[in-house]
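There are 2 protein chains.
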Amino acid sequence: MPSLPQPPINDTLEAVGEGAVLGRIFPRLPAAASELVGPGDDAAVVTAPDGRYVVTTDMMVHGPDFRLAWSTPHDLGWKAAASNLSDIAAMGASPTALVVAIAAPADSPVSLLEGIADGLRDACAALAPGCGVVGGDLSVSGTLTIAVTALGDLEGREPVLRSGARIGDVVAVAGALGEAAAALRLLFRDAVDAAGHPDPRLAESLRSRTGPQLAPAPPISAGRAAALAGATAMLDLSDGLAIDSGRLARASGVGIDFDSMLLGDDPATAMAGGEDHSLLATFPPDAALPAPFRRIGVCVASGIAVDGEAYDPVGWDPYRDWSGSAG
Amino acid sequence: MPSLPQPPINDTLEAVGEGAVLGRIFPRLPAAASELVGPGDDAAVVTAPDGRYVVTTDMMVHGPDFRLAWSTPHDLGWKAAASNLSDIAAMGASPTALVVAIAAPADSPVSLLEGIADGLRDACAALAPGCGVVGGDLSVSGTLTIAVTALGDLEGREPVLRSGARIGDVVAVAGALGEAAAALRLLFRDAVDAAGHPDPRLAESLRSRTGPQLAPAPPISAGRAAALAGATAMLDLSDGLAIDSGRLARASGVGIDFDSMLLGDDPATAMAGGEDHSLLATFPPDAALPAPFRRIGVCVASGIAVDGEAYDPVGWDPYRDWSGSAG
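First to last, the sequence lines map onto chains S and V. Take the first sequence: its position 301, counting from 1, is numbered 365 in the numbering used here, and each next residue is one higher. Take the second sequence: its position 157, counting from 1, is numbered 221 in the numbering used here, and each next residue is one higher.
Hints are computed from structural coordinates only; laboratory data are not their basis. Please note: incorrect hints may appear among the correct ones.
[To be verified] Just a sample of chain S residues kept apart from chain V, beta carbon distances all over 10 Å, derived:
no.: 1; residue: 75
no.: 2; residue: 109
no.: 3; residue: 113
no.: 4; residue: 115
no.: 5; residue: 116
no.: 6; residue: 154
no.: 7; residue: 182
no.: 8; residue: 225
no.: 9; residue: 226
no.: 10; residue: 249
no.: 11; residue: 273
no.: 12; residue: 292
no.: 13; residue: 329
no.: 14; residue: 351
[Stated by the list, open to error] A few chain S residues facing chain V, derived, Cβ under 10 Å:
no.: 15; residue: 114
no.: 16; residue: 124
no.: 17; residue: 129
no.: 18; residue: 200
no.: 19; residue: 218
no.: 20; residue: 219
no.: 21; residue: 220
no.: 22; residue: 227
no.: 23; residue: 231
no.: 24; residue: 285
no.: 25; residue: 289
no.: 26; residue: 299
no.: 27; residue: 300
no.: 28; residue: 323
no.: 29; residue: 326
Don't be surprised by glycine CBs; every beta carbon is placed ideally from N, CA and C.
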């Protein structure tokens, strides 16, 4: 069965030991500009200049959330950071710090942890400069699991909640719509071997087209820009535009009518596909949309619709029938 | 094989669904006094009155960290909270908020999650009143995993690091020494069936003596008290007094000499046993020790010793040879 390359037998987590593994990982992790006390004590101490902080947590689990045959360790670190950073951005905040707990099989190569650390570092540098890793935990588990908690700073602004949209508000998005789902569809179709198992070589050959799924790059700084431009509501698109826009609409007591002409070449995938981690926001009708937001709809009295016709969302659970043992 | 009682087939996580499960769990979780925006949006917003916060994360994994035949769901939530709260306390801070990510098998009973939530609630109420759960994440995994991130407030004080102990400082502890290890030894000896598998009924019959291992109650408020009393260094005892005191000593550039007469009835277990989550602190020679700290040794020039004789610590990894499939 395709899997990770086998490590040298003497370079696994259990052979190297927790202390030495941490010694190899910590230097790879980015420091946070907000850090007063960093890794190495019982806890970190982080600045909160305006007397508040934003906090969110999200776990990625081998099996339900990713395939080791498709995602590189770097991808896993990158995506774990990106998906949490976007939740901070969706509050209108700037990400400042991460803490990261990882559980991995004892026979994992240390390079798995090093790759995850590099992915965390590169995602912070690219998407949220100044944000870094201030603490963490390393455990042994039969199931590779990455739990990230992200923290952010509102810089004196009020948080942008899901509940502030009003009828007539412009609905806008920053980032991709449906690209992560399209890339996953491609992987399920073309990156499996004849027996249906995920294949790392086939996935590698598709790499130029699978980035939106394996290492999404949501526009994190757009969250702050939306808040400054007066966004009335905002959230992170993790389960697809249809489901997540329904959450924003329900919290706000409004509906949303999307314009299919503004949803790209494949409006159906734009509506149904999850994991883009783009930002969906609403703005007053007369607001100038900050870059890179683009208008895709309008707040109406009730319901989720496309071109005025009610849209019935389906759940986003692409790996549901795949077991972790399949790669 | 002994395991959790089988749930009604229609009351598992996969049958009930994530939204409905969260709807049953959230009302059980304690609100945090520090919470400005709680669960239900992309992230929480928490007060940080002194412009800083303390943050730590720790993961509990079925297999390496607990047996489902021995720990109740309530125990798991309690211990996940207690072990993280003690890391906040060890900085001299008061715990204010938790975020909790849980991954559980799809066929787990919803009562597993409800019990964990109740344990989180009861531990916060007993150990750190005012601290609550401000956010979380629920995932499916083959391996039950609980990742808690705890946050705390320094209330204007400087954090108490591991590195501030000086030669001549009094070494003191607040909380149990070796009781968690003694309770685990009892479970390994008397709570396994003839085939060596952990047995829930036998564990239940020992309950009056296993609390220190399954649901430890470290003196969380003692962390703040130590800081106010001028503690020069402090840390949480998770891997045993010998190993953890070595960490404090190395960080401070000192040694510690323990007095065996002050280590209780079983000094060897007090030195070697992990998971008490008690607080080890050092104080200036003339400081009045705040309750419930008691003197157990003194900072010397180098090394870890008992009654002046060098002590060689052994690692704390009691479940090392036990697979998660054993219960």
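Does the CB of residue 231 of chain S sit less than 10 Å away from some CB of chain V? 21 Å, violated
Consistency of the no-contact label for residue 273 of chain S, given chain V and a CB cut of 10 Å: The claim holds: residue 273 of chain S sits with its nearest Cβ about 27 Å from chain V, beyond 10 Å.
Residue 220 of chain S as an interface hint toward chain V, with CB separation required under 10 Å: With a minimum Cβ separation of about 12 Å from chain V (threshold 10 Å), the hint on residue 220 of chain S is violated.
Minimum Cβ-Cβ distance from residue 154 of chain S to chain V exceeds 10 Å: 4 Å, violated
Residue 182 of chain S: least C-beta distance to chain V exceeds 10 Å? Holds, since 20 Å exceeds 10 Å.
Residue 225 of chain S: least C-beta distance to chain V exceeds 10 Å? Since the minimum Cβ distance to chain V is about 5 Å, residue 225 of chain S lies within 10 Å and the statement is violated.
A cut-off of 10 Å on Cβ-Cβ distance, and residue 113 of chain S was said to be off the interface with chain V. Does that hold? 6 Å, violated
At a threshold of 10 Å, is the proposed contact between residue 218 of chain S and chain V supported by beta-carbon distances? 7 Å, holds
For the hint on residue 299 of chain S, just tell me whether its beta-carbon gets within less than 10 Å of chain V. Cβ of residue 299 of chain S sits 5 Å from chain V, so the hint holds.
Minimum beta-carbon distance criterion (10 Å), residue 227 of chain S to chain V: Hint on residue 227 of chain S: holds, closest Cβ of chain V at ~8 Å, below 10 Å.
Do the numbers back the hint for residue 200 of chain S, that is, is its least Cβ distance to chain V under 10 Å? 7 Å, holds
Given as non-interface: residue 115 of chain S, partner chain V, CB spacing beyond 10 Å: 6 Å, violated
Comparing the model with each earlier hint shows violations of hints 2, 3, 4, 5, 6, 8, 9, 20, 21, 23, 24, 25, 28, 29; every other hint is respected.
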